[in-house]
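Given only the sequences and the hints, what does the whole structure look like? Please build it.
Here are the chains, one letter per residue:
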Amino acid sequence: MRWWPGRVSGLAAAVAGAVILTAAACAAPRPVPARTGAAPEPPAPAVPLTTSLATAAGSWAVVPVSSRPVFWQVLVRPGTAGTWRLDTPPGAASNGGLVAAAEPDGAGGLTVAFRPTQDLTFTPLAATAPGGTAWTAAPPLRARITASPDALAVSGRVMAAVAGSGAVEASTDGGTTWRTLPGPAPRACGAVRITSLSVTGPTGLLAGGACGPGGTAVLLSGALAGPSAGWRTVSLPVPGRLVRLAGRRALVRAPGGLVVLREARAAGRGVPRWSASAPLPVTGTPVASGWLGSSGAWALLPGGGAAVITGSRAAWRTLPRVPARTAALASGPGGSADALAVSGPDVVVWRNGPSASRWTRVQTVRVPVQYGSSG
Amino acid sequence: MGSGPGASGAFLAGAFRSALLHQLAVIAVISLILLAAWTVIRWRFPALAAGGGVPRREPSARWALRTGFGVLWLLDGILQLQPAMPAGLADQVIRPAAASSPGWTQSLVNWAVTLWDYHPVTAASSAVWIQVGIGLALLCAPRGPWSRLAALAGAGWGLAVWVFGEAFGGIFAPGLSALFGAPGAALLYAVAGALLALPGRAWRRRWPGRVLLGATGAAFLVLAVVQAWPSSGFWKGTVAGKPGPLASMIGSMASTPQPRALTDLLTGFGNLARSDTVAVNLVAVLVLTAGGAALAVTAARPAPWPAAGEPVSRAARAQRYAVAALAVCCLVIWLLFQDLGFFGGLGTDPNSMVPLIVLFGAGYLGLAPAPAPAPAPADAVSSREAGAAGQRAARVPGYAVATLGSLAVVLVGAVPMAAASAQPNADPVVAEASAGQVSVFSKPAPGFTLTSQRGRPVALSALRGKTVLLTFLDPVCTTDCPVIAREMLLADRQLRARARAVALVAVVANPTYLSTAYTRAFTRQEGLGAAPNWLYLTGSLRQLRAVWDHYGVQVEDSPAGAMTSHDDLAFVISPRGVITAELNADPGPGTPVTTSSFATLMADSVRHAMRAG
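In the order they appear, the protein sequences are chains A and B. Letter by letter, the first sequence follows residues 1 to 375 of our numbering. Letter by letter, the second sequence follows residues 1 to 613 of our numbering.
No wet-lab data here; the hints were simulated from the structure. Careful, some of the hints might be misleading.
[Stated by the list, open to error] With beta-carbon atoms standing in for the labels, derived distance ranges:
id, chain 1, residue 1, chain 2, residue 2, range
1, A, Arg179, B, Gly527, 20 to 26 Å
2, B, Ala459, A, Gly106, 42 to 48 Å
3, B, Asp549, A, Thr364, 36 to 42 Å
4, B, Ala99, A, Thr283, 44 to 50 Å
5, A, Pro320, B, Pro559, 29 to 35 Å
6, B, Ala99, A, Pro320, 52 to 58 Å
7, B, Arg493, A, Pro202, 45 to 51 Å
[As the list claims (entries may be wrong)] Some chain B residues judged to face chain A by a derived CB distance under 10 Å, without partners named:
id, residue
8, Pro475
9, Val476
10, Thr479
11, Cys481
12, Val483
13, Asn510
14, Tyr513
15, Gln525
16, Gly590
All C-beta atoms, glycine included, are put in the ideal place defined by N, C-alpha and C.
This is the structure in structure tokens:
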């Protein structure tokens with residue numbers, strides 16, 4: 001079987017051919033690395049971004065419209081007007097969700113953060129002029145804002161935001177420069193995860209979040225300036241889980257039900273103390289919640305229930321069962337409550353007068369639904 | 001099998017056709033050179049051209065194997081000509097074929113898929129010429145080192161296709177079945193090539209035939225066991241309410257674009273396989289078992305081969321009939337289970353049954369006694385003695401020249417593929433297929449003065465002497481703009497030292513988010529701050545609108561939370577301030593392949609502008 005002698009040239013040619021074929025077949029280009037800037041879609045927020053709030057310019061609502069893809073919209077009912085209009089800030093994609101913030105005293109307009117999606121890794125910000133008639137771009141937040149309706153807080157030139165990493169970013173020059181505040185040290189209940197912020201003064205900050213594995217509500221007061229935020233725990237009158245935080249009020253799901261906590265300063269000494277409203281008996285987390293005026297709040301409950309609380313000493317008032325597909329409640333004209341129900345591309349406005357026993361359909365706002373966009 | 005691709009596939013098909021024509025021209029030139037050389041040798045150097053000695057007749061087994069696989073390779077090469085191949089083969093055939101294989105197999109296959117995705121036209125045309133060349137070489141060269149070299153090429157390419165194109169024929173994946181092609185047609189091609197690469201004297205013995213018969217018999221028996229294995233699921237007509245593996249596979253074959261009669265036949269057979277699964281699988285198992293046993297017995301105890309004119313013994317007749325019956329059964333399987341293999345626009349070969357028939361058929365013929373040497377022509381001796389050149393011309397081994405030409409055809413395919421595989425950047429043809437070809441023209445670039453991301457004024461005129469790659473990007477865009485920026489950065493890297501003479505310039509394309517805070521944020525996001533030649537320019541809305549208008553870029557705010565819409569355009573401006581090219585920069589799906597391809601397209605356009613000055 002010795003067949004190879006005398007065949008060296010043929011074999012050499014064969015080897016050469018095999019080398020070429022193997023090189024041709026085996027080698028492959030190095031793939032370009034996947035988009036390095038890409039990050040996964042933000043997870044669904046624990047507390048829905050759907051909300052409403054009131055400023056001197058009017059009543060604002062943030063609601064998702066359409067289902068595939070969802071684009072978030074801002075609607076406004078200016079001043080004492082009886083009708084709503086679409087007022088989503090232009091120029092940036094809202095499909096990641098919108099986080100809205102108003103001045104603590106309700107003066108001025110609205111600031112909105114666009115939660116970035118896909119390849120965007122910073123957060124565009126837009127603000128209305130005090131009259132609420134036009135949007136302008138504010139300098140961006142350098143990180144992705146987290147999925148919480150209270151992740152952004154604004155007061156004059158002071159801005160603060162909770163980043164997706166949980167860090168608190170703060171700016172005292174209207175967003176031109178941001179710095180990351182040191183995180184709070186663990187408390188007795190465990191590590192603290194901040195989800196909500198409010199600006200309480202030129203250098204004061206109030207942070208709310210969950211503490212430890214149980215997620216106990218925690219409020220921390222800190223300072224924007226100085227080398228350290230120096231987070232101090234705020235003593236709360238009732239335990240529970242934090243739902244919302246804005247200005248100097250918080251919505252907490254306490255053992256007895258949903259309560260509004262409000263801060264008030266003790267006369268003379270300036271020591272803050274917090275009081276709790278009477279509880280609204282509920283089971284589960286509200287479907288959506290928001291603010292009415294400077295001291296009130298609303299909550300949409302599982303099963304179609306709804307309740308509002310207005311004055312600082314008032315109790316919860318249960319509203320008639322809300323219309324189907326209601327996404328948010330908001331301040332209506334003349335002390336009424338408006339329910340914004342989303343149906344396909346339409347936002348249907350229902351109104352409930354101060355003492356009315358049912359909802360009346362008053363308006364339909366057609367939203368030009370986006371099915372993706374170029375750019 | 002998948003259907004043809006869309007618009008980008010049509011573009012790739014056109015580029016594929018063009019590449020094939022170019023390569024055909026090269027082959028024609030090579031053929032003419034070889035023909036001329038051969039003619040010169042025949043008439044000027046007859047002593048070199050003369051065949052040495054009296055040629056032996058090729059054993060019939062080797063002839064059957066060589067011509068059988070020569071025809072199959074040629075057919076496969078012709079199938080590779082289908083226009084859907086560049087766009088569809090990797091993602092619609094190769095990747096799905098490996099989908100159920102283990103991770104390491106998929107990694108190997110991913111190599112091939114990446115190569116194909118990055119260089120679809122080169123890879124597709126290379127596959128054509130390599131396979132056509134191997135087929136022609138096998139058909140042309142009946143013996144000698146050229147024949148063995150062709151066989152070795154077939155073995156090597158077959159093995160490469162089996163590993164990278166067929167994921168080892170799916171032998172590491174669940175659901176292995178001979179009925180649907182296991183252990184992979186390309187492995188059979190490789191085995192045939194390896195056997196044909198044996199020296200001629202080996203084929204004058206019986207062992208290659210017996211080995212072929214024994215090996216194919218054993219393979220049939222193993223595959224019969226796999227087919228009968230209870231956990232394989234082939235006995236089940238339905239699984240979780242869906243058709244079982246047999247009916248499901250036949251059903252998918254039936255949905256392949258093909259002649260109506262074949263669809264009807266397969267649909268009917270698929271229904272039978274669903275309703276009478278046990279019977280169908282039982283018949284298949286029995287055929288595989290009986291066929292394997294018959295081949296194994298024939299290999300172990302071959303009946304004496306009847307000489308010409310002698311009566312055929314009963315044993316020899318039985319073995320002959322058994323082999324013929326198995327061939328018929330294989331043809332039935334080929335039709336009913338494998339759907340002939342080559343329909344649908346992306347069929348690359350007739351699957352495994354035909355090569356199997358050639359293999360065991362050749363093995364059976366290998367049991368015949370080796371042919372005696374052909375008698376030497378009377379004039380051969382005298383002419384050799386006399387040295388008459390004119391007589392020798394008739395014995396010039398033209399097949400050697402033809403084989404050489406055929407192997408040159410292989411190289412026409414293999415060399416570009418090897419070159420492409422060494423190229424880390426995707427071919428620009430992928431980008432052109434997605435966004436259209438580059439518009440080449442010459443007109444002065446409209447000037448502007450805007451503000452850089454660092455807050456400094458920048459005038460286009462100040463960039464004279466550099467080649468400018470100009471585009472329009474929305475700093476808060478979530479999709480296309482970041483990808484375009486990355487393509488520009490990749491193009492910059494492709495240009496290497498030349499990048500020093502290039503400016504990467506983007507102008508803001510958003511009427512709202514136009515402050516330098518946003519151009520800086522975008523620059524930081526994309527890591528473009530490290531590129532010294534990166535400029536992201538902005539200005540007042542009035543200034544920006546003027547630039548958008550001059551360059552014909554539409555920028556509009558969209559309502560209800562949509563991104564600003566704007567044209568994805570890129571311009572190449574020569575060092576003299578002349579626009580030399582306009583690219584549709586829409587990055588399409590933004591995959592690594594398209595990103596790399598767009599970068600190559602941009603870099604090529606910049607190089608062209610540099611050459612143009």
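For which of the previously enumerated hints does the structure constitute a violation, in increasing order of number?
Checked against the structure, no hint fails, so every one of them is satisfied.
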